[in-house]
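Colleague: Residues per chain are reported as follows:
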Amino acid sequence: MGKVKVKKADVWIDMTPMSDVMVLLLTFFMLTSTFVKNEAVKVITPGSVSEVKVPETNVLTILCDKDGRIFVGMDNPKRMGELVQGMADQYGVQLTKGQMETARSAASIGVEMQDLASALNLEEKLNEYQATKGIPTDSVDGKMSQFQDWVKMARDNNGSEMKLAIKADAGTPYKTIKKMMSELQDMSENRYYLITALKSNSED
Amino acid sequence: MAKKKASRQKKMQTRVDFTPMVDMMMLLITFFMLCTSLAKPQTMNLTMPSNDENISDKDRNAAKASQTVTIYVCGNDKIYHVDGLPKYDDPTCLKETTWGQKGIRSVLFNHITEDGSQPVKDIMMAKDALDKKKLANPAAYPEAVYDAELTKIKKGELETGKVPTMTIIIKCTDEASYKNMVDALDEMTICSIGTYVIDKINEQDAKLLSSRGVK
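Those protein sequences? They're chains U and Z, same order as listed. Going by the working numbering, the first residue of the first sequence is number 1117, and it counts up by one from there. Going by the working numbering, the first residue of the second sequence is number 22, and it counts up by one from there.
Hints listed in this document are in silico derivations from the structure and should not be mistaken for laboratory results. The C-beta atom is built at its ideal place from N, Cα and C for all residues, glycine as well. A few of these clues could be false.
Said to hold, decoys possible - Stretch-level coverage of chain Z by chain U, calculated; a stretch enters the list once three of its residues show a Cβ under 8 Å from a Cβ in chain U:
id	stretch
1	35-46
2	51-57
3	178-190
4	209-223
Could you build all of it, start to finish, from the sequences and the hints given here?
Modeller: Printed below as a string of structure tokens:
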């Protein structure tokens, strides 16, 4: 018999294919990702069979939590900045550069106008603070409520192309939704996108 | 000495260790996986009637009574329906049903109008036929064509002729949750009902519901 050659075992593992795959995955995630925005309150949306997607740009998102607290947010920081600046000017609130920076990066804002400056001073703690606040929807002496002012300001800034998306918690009582919608209807905002989660048709 | 050094250089490894790179990649991928929302949320288009009283009154009276179903969405996940317009002096016209396929969907599906037609059934069958045609030949039905066909079906213009359509009035009480409202709208989508309206509970409705002890 021929002599048996004992091969020296190579302990070096070639990582190249693995790193190839990794780069692919990484590229995929980087290209497809839209970052989860840190919203003021956690909202669990109800399921629906509807397959319409949320419009990508120029959307005013109205966030409504279980207890009926309302927050508003624009889809991009520039528009968000304009909205907050406009509201601050309207209510005579002076905002510093730092406060505006916080406002621009916020996913949603929901505080009373007189608290706006102090809330924006909190920077990262803003969401923690405003989670217990929300925009007031009651109007004083027949004037528009602060919520209506926010929506009107957004509409004036962004024109008739702007869409309204309502993101409310599944457990929100209809009473609060009705109040909010009737305020919107009063200012002839009749078309909304209701944000829902996907549910298959056969589930129930 | 010099000789030794040269021989060492010859033996130098040309392989690059990828392990740190892979480590870093793993970290980055984990980061992106955790911080992204891949699936965009679904939405539902909703057009509410204007608060202008005159307009909504005209719309309300437009539909024939037998082609109308009034749905009361109530608290504790309860749902009631009245076939036709509510008769406020007769509490028994209010019938309880359940959510989902066996409940409200079959009520709508089996609704018979005064001329003996079953509009929801006809329209849903037409939609199924359209879906099948689309499935068999997707190329012939791009989004725009499909939507146009669906809109036509929802208006009651079927291939076999025009059928009457249903008008659904949805009334939610204050105790109902947002989920209930979305579910009710969902049923409208599933049953391909083109005309529906979310209406406010008026005093007579409240009286009718409270006479049955419903919240």
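Colleague: Hint by hint, note whether the structure agrees.
Modeller: Here is how each hint holds up against the structure:
1. 35-46: Held - the stretch 35-46 of chain Z has 7 residues with a Cβ nearer than 8 Å to chain U, which meets the minimum of three.
2. 51-57: Since three or more residues must qualify, the claim that chain U covers the stretch 51-57 of chain Z holds, with 4 doing so at under 8 Å.
3. 178-190: violated (count 0)
4. 209-223: holds (count 3)
When held up to the earlier numbered hints, the structure conflicts with hint 3 and nothing else.
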